[in-house]
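If you're matching them up, the sequences are chains A and B in order.
Counted from 1, the first sequence has number 22 at position 23 by numbering that gives the first Met the number 0; the numbering is strictly sequential.
Counted from 1, the second sequence has number 79 at position 80 by numbering that gives the first Met the number 0; the numbering is strictly sequential.
Keep in mind that a hint or two might mislead.
What the hints assert, rightly or not - Straight-line distance between alpha carbons at most 30 Å, and here's what the computed DSS-like set of lysine-lysine pairs gives:
| # | chain 1 | residue 1 | chain 2 | residue 2 |
| --- | --- | --- | --- | --- |
| 1 | A | Lys113 | B | Lys44 |
| 2 | A | Lys113 | A | Lys156 |
| 3 | A | Lys76 | A | Lys113 |
| 4 | A | Lys76 | A | Lys44 |
| 5 | B | Lys44 | A | Lys147 |
| 6 | A | Lys44 | B | Lys68 |
| 7 | A | Lys156 | B | Lys44 |
| 8 | A | Lys147 | B | Lys68 |
What the hints assert, rightly or not - Partial list, derived from the structure: chain A residues whose beta carbon lies under 8 Å from chain B:
| # | residue |
| --- | --- |
| 9 | Thr8 |
| 10 | Leu9 |
| 11 | Arg10 |
| 12 | Leu13 |
| 13 | Ile17 |
| 14 | Ser19 |
| 15 | Ser26 |
| 16 | Val43 |
| 17 | Tyr104 |
| 18 | Val122 |
| 19 | Ala127 |
| 20 | Arg154 |
| 21 | Leu161 |
To be verified - For each label pair, taking beta carbons as the anchor points, the in silico distance ranges come out as:
| # | chain 1 | residue 1 | chain 2 | residue 2 | range |
| --- | --- | --- | --- | --- | --- |
| 22 | A | Ser131 | B | Arg41 | 14 to 20 Å |
| 23 | B | Asp61 | A | Thr53 | 25 to 31 Å |
| 24 | B | Gly49 | A | Pro116 | 20 to 26 Å |
| 25 | B | Glu53 | A | Ala2 | 29 to 35 Å |
| 26 | B | Glu45 | A | Gly144 | 26 to 32 Å |
| 27 | B | Arg58 | A | Thr145 | 32 to 38 Å |
| 28 | B | Ser52 | A | Arg75 | 30 to 36 Å |
| 29 | B | Arg41 | A | Ala4 | 38 to 44 Å |
| 30 | A | Arg77 | B | Pro54 | 26 to 32 Å |
| 31 | B | Asp57 | A | Arg152 | 37 to 43 Å |
| 32 | B | Gly49 | A | Ser51 | 29 to 35 Å |
Calculated directly from the structure, the hints in this document are not laboratory data.
Where a beta carbon is used, it is the ideal one built from N, C-alpha and C, also for glycine.
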Amino acid sequence: MNAAAEQGTLRNDLIASIPSLRAFANSLCGQPALADDLVQETLVKAWTNLGSFTVGTNLKAWLFTILRNVYFSELRKRRREVEDGDGAFAARLSVHGEQLGHMHYEDLVEALGKLAPDQREAVILVGASGFSYEEAAEIAGCAIGTMKSRVNRARRKLSELLGLEPDDEFGPDAGGRVLAAVEPPAGVS
Amino acid sequence: MRDPKGFAGRGAGDARGPEQAAGKPRGLDVRFASGADAAVSRRLKEMYDGLVSEPVPDRFLDLLNQLDKVETPTAPTSAEGGSAAAGSPVNPAADGSLPGEKP
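Whenever a hint applies, use it, and build me the whole structure from the sequences.
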């Protein structure tokens, strides 16, 4: 394949990746306008640096890496700009919501906005985008163990925020674990 | 002014992402099968899939079209004066944000 044809293919692959990039950006920052800016910057960076992409490797992971790096450097930049530290910024980040809420996910979107950014990223990559821990760790630039614990903590926190009780363990396949259920609830006498 | 933007088959309605191609059997929901975590995962996935299926605004296809003209090394007419089309200047090295660079 000559260079032009290869570039054409990559261009098509880029186009095909846009829906995923937008979903990732939206879940990450919770603000559709900002999300689209992130995607735009990602596409420009990707296009101007196509040379550093190895054809045949995971384009989607490469693009997600660019996007999350743009996002986190933007976060750092804004954090520096905000006088009173993380508080005000975190509050603004939690605007997370509303516009995305038209799909009955207001509470989830709001809860995502309350997570630490690295945990939010982790749970989106692994829990929603379908990356493996290995891929997600590579994208986020951390160790696999770190990624796993971020995902775990994010899930716990989301469960809490959404008021989901972890009791459902005694659901359909609780067969072998009836013993624990025999304990009387506290306060019953 | 000539507007060379027209392109065939822009496919703005074609919003399928890789995620939707198939229900990826990653097995992650098996590892997190306990009730609350599974519920979180399911809702997260549903929301995300909803986002993936949103139509792509023309702005992005226009952008790629512009980039195409500016950057294509083989395009005979794009050698000079084309950089304005790229919008904001991008310095890829500015924040070390390209993948492949180990911090």
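Results of checking the hints against the structure:
1. Lys113/A x Lys44/B: 18 Å, holds
2. Lys113/A x Lys156/A: Given pair Lys113/A, Lys156/A holds - Cα atoms ~9 Å apart, limit 30 Å.
3. Lys76/A x Lys113/A: The given pair, whose Cα atoms are some 19 Å apart, holds under the 30 Å limit.
4. Lys76/A x Lys44/A: 18 Å, holds
5. Lys44/B x Lys147/A: Given pair Lys44/B, Lys147/A holds - Cα atoms ~18 Å apart, limit 30 Å.
6. Lys44/A x Lys68/B: 15 Å, holds
7. Lys156/A x Lys44/B: 17 Å, holds
8. Lys147/A x Lys68/B: 42 Å, violated
9. Thr8: Where the cut-off is 8 Å and the nearest Cβ of chain B is about 13 Å from Thr8/A, the hint is violated.
10. Leu9: 10 Å, violated
11. Arg10: Given a least distance of 6 Å, the restraint on Arg10/A holds.
12. Leu13: Holds. Min distance 6 Å.
13. Ile17: Holds. Min distance 5 Å.
14. Ser19: 4 Å, holds
15. Ser26: This hint holds: Ser26/A lies near chain B, its Cβ roughly 6 Å from the closest one there, short of 8 Å.
16. Val43: 5 Å, holds
17. Tyr104: Constraint on Tyr104/A satisfied, holds at 4 Å.
18. Val122: At about 7 Å, which falls below the 8 Å cut-off, the nearest Cβ of chain B leaves the hint on Val122/A intact, so it holds.
19. Ala127: For Ala127/A, the interface hint holds, since the closest Cβ of chain B sits about 4 Å away, which is under 8 Å.
20. Arg154: Holds, because the Cβ-Cβ distance from Arg154/A to chain B comes to roughly 5 Å (cut-off 8 Å).
21. Leu161: 7 Å, holds
22. Ser131/A x Arg41/B: 14 to 20 Å: 19 Å, holds
23. Asp61/B x Thr53/A: 25 to 31 Å: Taking Cβ atoms as reference, Asp61/B and Thr53/A lie about 28 Å apart, which means the hint holds.
24. Gly49/B x Pro116/A: 20 to 26 Å: 22 Å, holds
25. Glu53/B x Ala2/A: 29 to 35 Å: 33 Å, holds
26. Glu45/B x Gly144/A: 26 to 32 Å: For Glu45/B and Gly144/A the Cβ distance comes to about 28 Å; the hint holds.
27. Arg58/B x Thr145/A: 32 to 38 Å: 36 Å, holds
28. Ser52/B x Arg75/A: 30 to 36 Å: 32 Å Cβ-Cβ, so the 30 to 36 Å window holds.
29. Arg41/B x Ala4/A: 38 to 44 Å: 42 Å, holds
30. Arg77/A x Pro54/B: 26 to 32 Å: 29 Å, holds
31. Asp57/B x Arg152/A: 37 to 43 Å: Given a distance of about 39 Å, which is inside 37 to 43 Å, the answer is holds.
32. Gly49/B x Ser51/A: 29 to 35 Å: 33 Å, holds
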